[in-house]
Amino acid sequence: MALRFFGAAAAVAITVGMTASPALAVTEIQWWHAMTGANNDVIVKLANDFNASQSDYKVVPTYKGSYPDTMNAGIAAFRAGNAPHIMQVFEVGTATMMAATGAVKPVYKLMADAGEKFDPKAYLSAITGYYSTSKGEMLSFPFNSSSTVMWVNLDELKKVGAEIPKTWPEVFEVAKKLHDNGHPTCGFSNSWVTWVNLEQLSAWHNVPLASKANGLDGFDTKLEFNAPLQEKHLEKLVELQKDKTYDYAGRTNQGEGRFTSGECAIYLTSSAFFGNVKAQAKFNFTAAPMPYYPDVKGAPQNSIIGGASLWVMGGKSADEYKGVAKFLTFLSDTDRQVYIHKASGYLPITKAAYEKAKAEGFYKDQPYLETPLLELTNKEPTENSRGLRLGNMVQLRDVWAEEIEQALAGKKTAKQALDASVERGNTMLRQFEKTAVK
Amino acid sequence: MQKQAIFKSKLLPYALVAPQLAIVLIFFYWPALQAVIQSFLLQDAFGLSVSFVWFDNYVELFSEPAYFETVVRTFIFSFAIAASSLSVALLLAVMADKPLRGGAVYRTLLIWPYAVAPPVVGVLWVFMLHPSLGVLSRYLRAAGIEWNPLLDGDQAATLVILAAAWKQISYNFLFFLAGLAAIPKSVLEAAAIDGARPMRRFWTVTFPLLSPTIFFLLVVNIVYAFFDTFGIIDTMTRGGPGKSTETLVYKVYNDGLIGGNLGSSAAQSVILMIMVIVLTGIQFRFVERKVTY
Numbered sequence: 001m002a003l004r005f006f007g008a009a010a011a012v013a014i015t016v017g018m019t020a021s022p023a024l025a026v027t028e029i030q031w032w033h034a035m036t037g038a039n040n041d042v043i044v045k046l047a048n049d050f051n052a053s054q055s056d057y058k059v060v061p062t063y064k065g066s067y068p069d070t071m072n073a074g075i076a077a078f079r080a081g082n083a084p085h086i087m088q089v090f091e092v093g094t095a096t097m098m099a100a101t102g103a104v105k106p107v108y109k110l111m112a113d114a115g116e117k118f119d120p121k122a123y124l125s126a127i128t129g130y131y132s133t134s135k136g137e138m139l140s141f142p143f144n145s146s147s148t149v150m151w152v153n154l155d156e157l158k159k160v161g162a163e164i165p166k167t168w169p170e171v172f173e174v175a176k177k178l179h180d181n182g183h184p185t186c187g188f189s190n191s192w193v194t195w196v197n198l199e200q201l202s203a204w205h206n207v208p209l210a211s212k213a214n215g216l217d218g219f220d221t222k223l224e225f226n227a228p229l230q231e232k233h234l235e236k237l238v239e240l241q242k243d244k245t246y247d248y249a250g251r252t253n254q255g256e257g258r259f260t261s262g263e264c265a266i267y268l269t270s271s272a273f274f275g276n277v278k279a280q281a282k283f284n285f286t287a288a289p290m291p292y293y294p295d296v297k298g299a300p301q302n303s304i305i306g307g308a309s310l311w312v313m314g315g316k317s318a319d320e321y322k323g324v325a326k327f328l329t330f331l332s333d334t335d336r337q338v339y340i341h342k343a344s345g346y347l348p349i350t351k352a353a354y355e356k357a358k359a360e361g362f363y364k365d366q367p368y369l370e371t372p373l374l375e376l377t378n379k380e381p382t383e384n385s386r387g388l389r390l391g392n393m394v395q396l397r398d399v400w401a402e403e404i405e406q407a408l409a410g411k412k413t414a415k416q417a418l419d420a421s422v423e424r425g426n427t428m429l430r431q432f433e434k435t436a437v438k
Numbered sequence: 001m002q003k004q005a006i007f008k009s010k011l012l013p014y015a016l017v018a019p020q021l022a023i024v025l026i027f028f029y030w031p032a033l034q035a036v037i038q039s040f041l042l043q044d045a046f047g048l049s050v051s052f053v054w055f056d057n058y059v060e061l062f063s064e065p066a067y068f069e070t071v072v073r074t075f076i077f078s079f080a081i082a083a084s085s086l087s088v089a090l091l092l093a094v095m096a097d098k099p100l101r102g103g104a105v106y107r108t109l110l111i112w113p114y115a116v117a118p119p120v121v122g123v124l125w126v127f128m129l130h131p132s133l134g135v136l137s138r139y140l141r142a143a144g145i146e147w148n149p150l151l152d153g154d155q156a157a158t159l160v161i162l163a164a165a166w167k168q169i170s171y172n173f174l175f176f177l178a179g180l181a182a183i184p185k186s187v188l189e190a191a192a193i194d195g196a197r198p199m200r201r202f203w204t205v206t207f208p209l210l211s212p213t214i215f216f217l218l219v220v221n222i223v224y225a226f227f228d229t230f231g232i233i234d235t236m237t238r239g240g241p242g243k244s245t246e247t248l249v250y251k252v253y254n255d256g257l258i259g260g261n262l263g264s265s266a267a268q269s270v271i272l273m274i275m276v277i278v279l280t281g282i283q284f285r286f287v288e289r290k291v292t293y
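For the record, the sequence lines run as chains A and B. Each residue of the first sequence is one higher than the one before, starting from 1 at the first, in the UniProt record's numbering. Each residue of the second sequence is one higher than the one before, starting from 1 at the first, in the UniProt record's numbering.
Don't take each hint at face value.
To be verified - Reference excerpt, derived from the structure (chain A facing chain B, CB under 10 Å, subset only): (1) F78; (2) N82; (3) S261; (4) E263; (5) C264; (6) Q406; (7) Q431; (8) A436.
These are calculated hints, taken from the structure and not from any lab test. Heads up, the beta-carbon is just placed ideally off N, CA and C, and yes, glycines get one too.
Working from the sequences, and respecting the hints, build out all of it.
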């Protein structure tokens, strides 16, 4: 009886589900994303513009929560057999998505199958490299990209008579001055502790974070960041944490308010922080390139990106893929890229859009908006600075952050913390390798 | 014989319990069974490669020292939360039970926090005690305490326990209030006539008569601390700094949803399920027997 009831309930649910979806005259393309506020408006506008530009396809954007939430929702939907067509996945989810052969449709294949014109060379390689195979085949479509920059409160620097620091030793020196003159709780700080102090630090100095080109060349990659440079950097942070010349601000970006409130006058975080800085900062500010250690040969190299890309999910019909391909072409349009760049503060992904923004004089008044682009294109990317592709990256970051927190709290030395990060991380990478589809 | 007479049709009683059964089957047994099955599998996040690995997930879990640390931590959390929220609630209930002017207002105010969702509680306490934004942090610092729960694990743990206990006080308060109301006044009056002072009356009469309520609440609080503190931890500390606020439930979430390691996550859920079954078993056994005094 219970079973029969269950059957009946299921039947009702299915009927409801069927009647709820409207009769399809146009092909609907589901686009799941994680953008809020002004950036959500950009997404809605892009979808509306695309829908108005033609009548065969309709892109339906749906907000699915934070980056991890969106990714989990997409994975759960795939397991249940109704994945969206396009899913916005943050950069650290790249390896997980890539490993899911069959669950995703690589962008280069999609474009070829749909017969859309597609020239991978038109895109900025510093950005697409992160989402491409070692052969240069683009797997996902970069949507919103940013990089780490150093936000500086110019008024406060002026007060202590300091120039914008270029190297890490200069940062420490200025931070000390700030700390002793009106900033006792924070000389400098940063968000995304592992992204800034391990991932970007390594790329910027052209040293490996992990073997096999940071995982780009294979899932059998091993972490290698328990090396002298990273150790020296963390040791310095631990030392400065003691009197709050450096003050830890948490694992994600929750500490960013400490820059806009004026508490921290030097703050390293994403260039996408621009929107909030512009809205809230009551002082003169700029975004300077990340500092570097001058004794490291060849530094600075180039920075790597953060942000998210659009993944096309597998198992859809040819017609649906044609619509998705048309939408990606639509997004690549130069004027549209310039619009996204200006409206969201994220980086343009095509060379033409970058040139156009430059020609329009967009960076004249706001030179700090070009800083992340200059960092990304500073030098031709090397094995150590093309990008990262590590499985379980979200949890890896948590593990690294746990260890760094222990070092900053004085419970471990910098070396012990980095050794443990590498060891625990490698165990997780091997676990991921086991489950990855061969 | 009489039971037969109530339902003429043999099917009717089944039909009447069917909705309840269906709910239990769909929302409890089915997912529980899935968890048990998944705990024997090794699979990627998308479920594309699945292999049966027997007890590998459990073996791996038990060979991980961090897991036992989390178990111990969860028990410490649970007892700290239960002890602090029970004692404060009892104190408040005894106070509010006295005939007071505006007693109803106090009672309502004390019950209020129960209506606040756990993640909101987390955000609330974070705002009060955030090292750079918090109002209370300023006082703590003025009092010479190095307050930084972002880095100091013990402080973070204290913070989570405080927030979780605070939220549960209202619930305990309600039950204590009801329990106190059920204590016959004549017993207390008799004790008073015998010359027992208020403190003595409380410990020798009220407290023993409340013991079934206390025991019931103890179990409920421990279960609450085990499971419902997830929202508080997620908004306050996300298990950090280090692992100092990671409880068993948070680890299930972290390994399964963030780490994509569904096998291990399922194995942890199964272990948690067993723990709850044991706890509930103890509760039923003792509540049936009615704790004696």
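Against the structure, the hints come out as follows:
no. : hint : in the structure
1   : F78  : holds, 6 Å
2   : N82  : violated, 14 Å
3   : S261 : holds, 8 Å
4   : E263 : holds, 6 Å
5   : C264 : holds, 9 Å
6   : Q406 : holds, 5 Å
7   : Q431 : holds, 6 Å
8   : A436 : holds, 6 Å
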